[in-house]
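Engineer: Mind docking chain H on chain R? Use the hints.
Those protein sequences? They're chains R and H, same order as listed. For the record, in the first sequence the residue sitting at position 208 is 208 according to UniProt numbering, with numbers rising by one throughout. For the record, in the second sequence the residue sitting at position 96 is 96 according to UniProt numbering, with numbers rising by one throughout.
Calculated directly from the structure, the hints in this document are not laboratory data. It is possible that part of the hints are untrue.
The calculated label-pair distances, taken between Cβ atoms and stated as ranges, are [as the list claims (entries may be wrong)]:
#, chain 1, residue 1, chain 2, residue 2, range
1, R, Ala114, H, Met69, 30 to 38 Å
2, H, Met69, R, Ile72, 48 to 56 Å
3, R, Ser212, H, Gly105, 27 to 35 Å
Don't be surprised by glycine CBs; every beta carbon is placed ideally from N, CA and C.
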Amino acid sequence: MELLLQAFSWLLTPESWTQQGGALQRLFEHLGVTIGVVALSAGIALPLGVMIGHTRRWTTAVALLAGAARAIPTLGLLTLLGLALGIGLGAPVLALLVLAAPPLLAGAYAGVQAVDPEAVDGARSVGMSEAEIIRSVELPLALPVIVGGIRSATLQVVATATLAAYTSDTGLGRYIFSGLKSRDYPELIAGSLLVIALALLLDGSFALLMKSRSRAPRSDRQTTTIPLERNPS
Amino acid sequence: MIEFDRVTKRYADGSPAVADVSFTVPSHKTVVLVGSSGSGKTTLLRMVNRMVDPTSGRVLIDDVDVTTMDPVRLRRSIGYVLQSGGLLPHRTVVENIAIVPRLNGATRPDARERALTMLDTVGLDRDLASRFPAQLSGGQQQRVGVARALASDPNILLMDEPFGAVDPIVRRSLQHELRELQRTLGKTILFVTHDIDEALALADEIIIVAAHGAIAQRGTPTEILTRPANAFVAEFVGVDRPERRLRLADAAGVEVVTDASGRPIGTLER
Numbered sequence: 001m002e003l004l005l006q007a008f009s010w011l012l013t014p015e016s017w018t019q020q021g022g023a024l025q026r027l028f029e030h031l032g033v034t035i036g037v038v039a040l041s042a043g044i045a046l047p048l049g050v051m052i053g054h055t056r057r058w059t060t061a062v063a064l065l066a067g068a069a070r071a072i073p074t075l076g077l078l079t080l081l082g083l084a085l086g087i088g089l090g091a092p093v094l095a096l097l098v099l100a101a102p103p104l105l106a107g108a109y110a111g112v113q114a115v116d117p118e119a120v121d122g123a124r125s126v127g128m129s130e131a132e133i134i135r136s137v138e139l140p141l142a143l144p145v146i147v148g149g150i151r152s153a154t155l156q157v158v159a160t161a162t163l164a165a166y167t168s169d170t171g172l173g174r175y176i177f178s179g180l181k182s183r184d185y186p187e188l189i190a191g192s193l194l195v196i197a198l199a200l201l202l203d204g205s206f207a208l209l210m211k212s213r214s215r216a217p218r219s220d221r222q223t224t225t226i227p228l229e230r231n232p233s
Numbered sequence: 001m002i003e004f005d006r007v008t009k010r011y012a013d014g015s016p017a018v019a020d021v022s023f024t025v026p027s028h029k030t031v032v033l034v035g036s037s038g039s040g041k042t043t044l045l046r047m048v049n050r051m052v053d054p055t056s057g058r059v060l061i062d063d064v065d066v067t068t069m070d071p072v073r074l075r076r077s078i079g080y081v082l083q084s085g086g087l088l089p090h091r092t093v094v095e096n097i098a099i100v101p102r103l104n105g106a107t108r109p110d111a112r113e114r115a116l117t118m119l120d121t122v123g124l125d126r127d128l129a130s131r132f133p134a135q136l137s138g139g140q141q142q143r144v145g146v147a148r149a150l151a152s153d154p155n156i157l158l159m160d161e162p163f164g165a166v167d168p169i170v171r172r173s174l175q176h177e178l179r180e181l182q183r184t185l186g187k188t189i190l191f192v193t194h195d196i197d198e199a200l201a202l203a204d205e206i207i208i209v210a211a212h213g214a215i216a217q218r219g220t221p222t223e224i225l226t227r228p229a230n231a232f233v234a235e236f237v238g239v240d241r242p243e244r245r246l247r248l249a250d251a252a253g254v255e256v257v258t259d260a261s262g263r264p265i266g267t268l269e270r
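Bound conformation, chain R alone (with noise of 0.2 Å):
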């Protein structure tokens, strides 16, 4: 209890906030990371991913590959890379990027594969183009099991990139891992804590955002409940 309070005081103190190398800049930095992170991992894997459930193809290969993927220690292939690429952010980029690919890709071919087939081929059939159809179609039908995989990923990835400070300088990870080594445990407490306010806000942003979008008038369908009529005729 004693340790959380100091925590709390060290939190309050403006010094640690706003001298070089303070929390604010730390905070900027891993938010940094992590929308840096998630946005190159989304750049490769949703494209791969909505590809995967347009065409139907590999899916069983990719969700192998993908659930695998997820069993990788990003501690154990931080180090592995740490030690090829030597000090800097080069490694644990690398390993987030790892680390966020696989709830990407699920997000993407599962949304995708889970559209009415109906619709699909509703869509083909009056003269849609392929582009078209995953345009117009799938994307707007998947939207919320894609933005699902892009909260589950930042989510792994805000807290993973305090990893960033074993071989680099950059985060609040630095706090856990100089606390962990000074006993500063005040520190690394504070540290800790502010990476689950980040984690929480950013989930709260995109609990926000999808609520916000379920409703739009366009995706009212489920929410609202109109009274079916008899066809009149």
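Structural biologist: Just chain H now, kept in the frame of chain R:
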């Protein structure tokens, strides 16, 4: 005119879906392919707009082999009504109908205006325009499907069991309206159903399909009913069913038509 010229379609494992089928659909006529499920009738229908390509043989529209045409442009020029409706769940009724005009390059207001006109044509209230498909009854969804198929004014209309999922009373009224619509529009319609009564109600010509698209008989509804070519057709049409064997009875001076078991069906007009 749509012409099937010795068309065969084999599945990947080599078994035939349809084998060596030839027939024609004359322009401005309604031809109904009727057969039990798995007879290959839907496969035949989907060959017209290249949703399926034949393994061998040709499908010709006005003497042009469809395989020489770009499938996307071909499909935009042909109306297609699916059993499920095939409507886009995230688009409103009016957006669904406007899809093909939009694909064909109409501006958004023009396509919307066209779609609203189509709602009138198929007998739907314009108030439904901004609803989503899930908010409509089955019969209304099928009307939207028909409206979408007609929206770009195609010459050919393909209908794959369009009324199969609605209840019998709505189905009958939809059949009636389709007949009325066809009288004014004069499209070339290829219609697929497993319901012989629907075929009798709609067709200029009926083609009875046995296994693998083999044509058991083709003829007008009257010909099919009065001169079934073989036992398969007779059984399929149900010529021995009580409601097909009508009799005249006299009820206090009024001539009453009854079925074979004596149940009254209507009165006779001379």
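Engineer: Take the C-beta atom of Ala114(R) and the C-beta atom of Met69(H), compute their distance, and say whether it sits inside 30 to 38 Å.
Structural biologist: Holds - the Cβ-Cβ distance for Ala114(R) and Met69(H), about 33 Å, lies within 30 to 38 Å.
Engineer: Honestly, do Ser212(R) and Gly105(H) meet the 27 to 35 Å range at C-beta?
Structural biologist: Distance hint for Ser212(R), Gly105(H) holds at roughly 34 Å.
Engineer: Determine whether the Cβ-Cβ distance between Met69(H) and Ile72(R) falls within the hinted range of 48 to 56 Å.
Structural biologist: 50 Å, holds
Of the numbered hints stated above, none is contradicted by the structure.
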